[in-house]
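**Student:** Here is how the chains run, residue by residue.
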Amino acid sequence: MSAVPLLQVQDLRVSFAGKEVVCGIDFSVAAGEKLALVGESGSGKTVTALSLLGLVQGARSAGQAFFAARPDESKDMPAQDLLALSERDLRGIRGRDIAMIFQEPMTALNPLFSVGEQIAEVLQLKQGLSPAQAQEAAVGLLADTGIPEPARRARAYPHQLSGGQRQRAMIAMALACQPRLLLADEPTTALDVSLRVQILELLSTLQKRNGMAVLLITHDLNLVRHFADRIAVMENGLIVEQGKVADVFANPQHPYTRKLMDSEPVRDVIENPPVGDGPPVAQARELIVSYPVKLPGLKGWFKQGEFVAVQGASFSLPKGQTLGVVGESGSGKSTLALALLGLQPSKGELRLSGRAWSADVAANKALRRSVQVVFQDPFSSLSPRMTVEEIVGEGLRVHQPGLSIAQRQLRVLQALDDVGMSQVQFPRLLQRYPHEFSGGQRQRLAIARALMVEPDLLVLDEPTSALDVTVQKQVLQLLQKLQRERGLSYLLITHDVAVIRAMAHQVLVMKDGEILESGPMAQVLAAPQHPYTQLLVGQLN
Amino acid sequence: MFGWTRVSSLTNPPEAASGRLPPRGAPAADGLSPTRAGTGGKAGAGEPERGVSASPGARAWQRFRRNRLGFGSLLLFTALVLVSLLAEVVSNDRPLVVKYEGSYYVPMLKDYPEKTFGGDFETATDYLDPFIRSKLSTGSNWAVYAPNPYGPKTLNYFAKEPNPSRPTRDNWLGTDDRGRDLLAQLLYGFRVSVLFAFALTFTGVVLGVLSGAVQGYFGGKTDLAFQRFMEIWGSMPELYLLIIFSAVFAPSISLLLVLLSLFGWLGLSDYVRAEFLRNRQLDYVRAARAMGLSSWQVITRHVLPNSMTPVVTFLPFRMSAAILALTSLDFLGLGVPPGTPSLGELLSQGKNSIDAWWISLSTFVVLVTTLLLLTFMGDALRDALDPRKSQE
Numbered sequence: 003m004s005a006v007p008l009l010q011v012q013d014l015r016v017s018f019a020g021k022e023v024v025c026g027i028d029f030s031v032a033a034g035e036k037l038a039l040v041g042e043s044g045s046g047k048t049v050t051a052l053s054l055l056g057l058v059q060g061a062r063s064a065g066q067a068f069f070a071a072r073p074d075e076s077k078d079m080p081a082q083d084l085l086a087l088s089e090r091d092l093r094g095i096r097g098r099d100i101a102m103i104f105q106e107p108m109t110a111l112n113p114l115f116s117v118g119e120q121i122a123e124v125l126q127l128k129q130g131l132s133p134a135q136a137q138e139a140a141v142g143l144l145a146d147t148g149i150p151e152p153a154r155r156a157r158a159y160p161h162q163l164s165g166g167q168r169q170r171a172m173i174a175m176a177l178a179c180q181p182r183l184l185l186a187d188e189p190t191t192a193l194d195v196s197l198r199v200q201i202l203e204l205l206s207t208l209q210k211r212n213g214m215a216v217l218l219i220t221h222d223l224n225l226v227r228h229f230a231d232r233i234a235v236m237e238n239g240l241i242v243e244q245g246k247v248a249d250v251f252a253n254p255q256h257p258y259t260r261k262l263m264d265s266e267p268v269r270d271v272i273e274n275p276p277v278g279d280g281p282p283v284a285q286a287r288e289l290i291v292s293y294p295v296k297l298p299g300l301k302g303w304f305k306q307g308e309f310v311a312v313q314g315a316s317f318s319l320p321k322g323q324t325l326g327v328v329g330e331s332g333s334g335k336s337t338l339a340l341a342l343l344g345l346q347p348s349k350g351e352l353r354l355s356g357r358a359w360s361a362d363v364a365a366n367k368a369l370r371r372s373v374q375v376v377f378q379d380p381f382s383s384l385s386p387r388m389t390v391e392e393i394v395g396e397g398l399r400v401h402q403p404g405l406s407i408a409q410r411q412l413r414v415l416q417a418l419d420d421v422g423m424s425q426v427q428f429p430r431l432l433q434r435y436p437h438e439f440s441g442g443q444r445q446r447l448a449i450a451r452a453l454m455v456e457p458d459l460l461v462l463d464e465p466t467s468a469l470d471v472t473v474q475k476q477v478l479q480l481l482q483k484l485q486r487e488r489g490l491s492y493l494l495i496t497h498d499v500a501v502i503r504a505m506a507h508q509v510l511v512m513k514d515g516e517i518l519e520s521g522p523m524a525q526v527l528a529a530p531q532h533p534y535t536q537l538l539v540g541q542l543n
Numbered sequence: 015m016f017g018w019t020r021v022s023s024l025t026n027p028p029e030a031a032s033g034r035l036p037p038r039g040a041p042a043a044d045g046l047s048p049t050r051a052g053t054g055g056k057a058g059a060g061e062p063e064r065g066v067s068a069s070p071g072a073r074a075w076q077r078f079r080r081n082r083l084g085f086g087s088l089l090l091f092t093a094l095v096l097v098s099l100l101a102e103v104v105s106n107d108r109p110l111v112v113k114y115e116g117s118y119y120v121p122m123l124k125d126y127p128e129k130t131f132g133g134d135f136e137t138a139t140d141y142l143d144p145f146i147r148s149k150l151s152t153g154s155n156w157a158v159y160a161p162n163p164y165g166p167k168t169l170n171y172f173a174k175e176p177n178p179s180r181p182t183r184d185n186w187l188g189t190d191d192r193g194r195d196l197l198a199q200l201l202y203g204f205r206v207s208v209l210f211a212f213a214l215t216f217t218g219v220v221l222g223v224l225s226g227a228v229q230g231y232f233g234g235k236t237d238l239a240f241q242r243f244m245e246i247w248g249s250m251p252e253l254y255l256l257i258i259f260s261a262v263f264a265p266s267i268s269l270l271l272v273l274l275s276l277f278g279w280l281g282l283s284d285y286v287r288a289e290f291l292r293n294r295q296l297d298y299v300r301a302a303r304a305m306g307l308s309s310w311q312v313i314t315r316h317v318l319p320n321s322m323t324p325v326v327t328f329l330p331f332r333m334s335a336a337i338l339a340l341t342s343l344d345f346l347g348l349g350v351p352p353g354t355p356s357l358g359e360l361l362s363q364g365k366n367s368i369d370a371w372w373i374s375l376s377t378f379v380v381l382v383t384t385l386l387l388l389t390f391m392g393d394a395l396r397d398a399l400d401p402r403k404s405q406e
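Protein chains in written order, with my numbering: chain U, 3 to 543; chain R, 15 to 406.
These aren't lab readings, by the way, just hints derived from the structure by calculation. Take these hints with a grain of salt, some might be off.
[What the hints assert, rightly or not] Computed from the model, here is a short list of chain U residues facing chain R with C-beta under 7 Å:
1. L345
2. R370
3. V375
4. F377
5. S382
6. S383
7. S385
8. P386
9. R387
10. G397
Ideal Cβ positions, reconstructed from N, Cα and C, are used throughout, including at glycine.
Excised from the complex, chain U in its bound form:
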């Protein structure tokens, strides 16, 4: 490593409309070094990276960011200040010296061109290759990223590739001109768990081979531990701590860093809750859920095809316990939840406290009270045009229409208090609209809404995966507390093994609609039988 850092950022400040989101940070990246910028959403880490390339619209940046000149061009060229460069000079640096990969490869690739064409375009623009040469080089780059059949994939359009392949294609594109610095903005967040390590390993290999520096932006400390050399922790636009990964992890100095390190969910549940005499809260035997799909061609005019999303699921969930359902996106776990909620017709046997869903809407009303749901995305799960009182009190209006307004308000306030939101903290809480609350607070509102009708079973569909780690821990603790106090049963859907470990009594592992493995949590996680489960569990360690 050279003594002069590749990138030296001094007192970087970025503000939007007078509001500072990055408040004077200093850091440096040496050539060939992997620096991780860690922080929760809103801490300013992505804005930091984007402002280096002048890609933040409508923002004012101040400070200096010295980027060392290419060693082969001229020996004595001074480092350039990226923030002082003109748009034209920056364009020369983007892609050639500093490349970027984004979180969501689907939106970062142009859907109208094949990936090969998109990579070749970069090569033609930046390195002046002829179209034929560029095409050839593009295939070579795709091969480097480990995509099978690179020549065929180069002709594929983004939508024809899987998520992991798209991210590989993005990486191939970013590395096309052998940049000296790669900005990786949450490169694995949108991917399934089993792919994350693969992508990081790929980045690691390519980084070593090309000797490039990487600035990894992430909120996932596990990734940092595996991947980075140094870590910088950001909070509210400031770097609160930076140092070698090993040092910081062994001995975090700043309270915020400690809080982040400490955000691994903790198991705090009653292991063997008393089982009542009644039937299990939820019981399924050979449950099949399928969607009608349109058949291609003329056939589709006359009959519909069928897509089986859940294939023969069987489980039994006693009172006071949590059934964890693990699987990747598309494995059918959310469909299972919808079937349990009676929102999706199913075949086979499904009983909630001994009762089954019927086709009659009115007959289902009582059953609806016993099973409620909390969804993943706290931004789409609350109607933006209703007040907190209307949202949380809705269940009462349906199931206890006799209550007076004052009684209902009292119950709503109590439910809000149960999930840790009080009027002391939020004046005029009942009259507020969801947009005023953060993700974690919205999730609490959603939980309060579900608890309002006193259900036996709560379906939790990825309840924490849209939240930051520290908030995730708080919400999980709240759920654990509610279970202990009320003997609630949870059907917990997640892709995060750490959450399962903290919450579940039993586990179902799903893939492509089938249940691969099931059993008590400790057994499944300690001694996974199925290779897929082994892969999933292996991610954690």
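Following the hints, position chain R against chain U.
**Tutor:** Frame of chain U; chain R shown alone:
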């Protein structure tokens, strides 16, 4: 015929509004960092100047008010509509109040025979008659006239110039070829146009929202059947139906309203349907269904309020399209019954007597101003409801 193309386009306003949910993106993104989660919800309030929580609608109104052109247009348009609603006070051939020989009369509201005011006949009084005028101003008698002493149908028999008369002191904007005061014509014509546009927009919105909601919420076969029906319905030749009907029935505004309403809901219905298809997938709708709400409750409480963005955005554009539609039909002679003051009929008069420039010019100015105000309002409304612009 340019006006006609707009008749059909009245259901397809120029630019599709984004299908996004207005209130979602904006404030959720700003300031809601969970690190501040514990300290209080106020951190996330989009407009810190108000402590009280503002509903998404109230915030859109705030943004609308900040658009000076749009808000100014709204004020001016409202003022114009109010004046035209009070047209009887502003422009009338009868005095508003008369005191004649000790007793009070309200000719504006009631017919009085000429004899009442010392005339010779039992017929209704012509208050423009110089003889009556002099009677009403002698001694302690007095009369309060409207600022423009002509009604929509008043013929100025005492005009000093031949018809159509150019603008004079008596007729500020001149008269048309039958000697009717142009200002009065415009005022009453504007009122007819605006009221007609309100009515047409109202029926279009009701029908469009209803059919769009049914299609979008229930989807599947209902949607399919409705869509095919709408395709057939929409391909019927509207203009020829209008011509045929105006030949069969006596032309009247209500007939026109019914006929235009039959086709006016098609475009809006598509937008509402799309919004419903999108919104019914959202988690809050699922949560509501899991809560046990009936379809009707889910629609009215959850989906509908969140699907009104395209409807509200297009209201001004639909209004202007409706005004233009009525004007075009009147111009062609297929519109309101003869004798009803109407902008289209004035335009057609202007075309026929091209020398009387004041007819064409003033009608044109009124029409353009109206449409322009509505367009400005529509633009401002679209900006106010656009989630991407609301972050400022």
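**Student:** Return the numbers of the hints above that this structure violates; sort them in rising order.
**Tutor:** none
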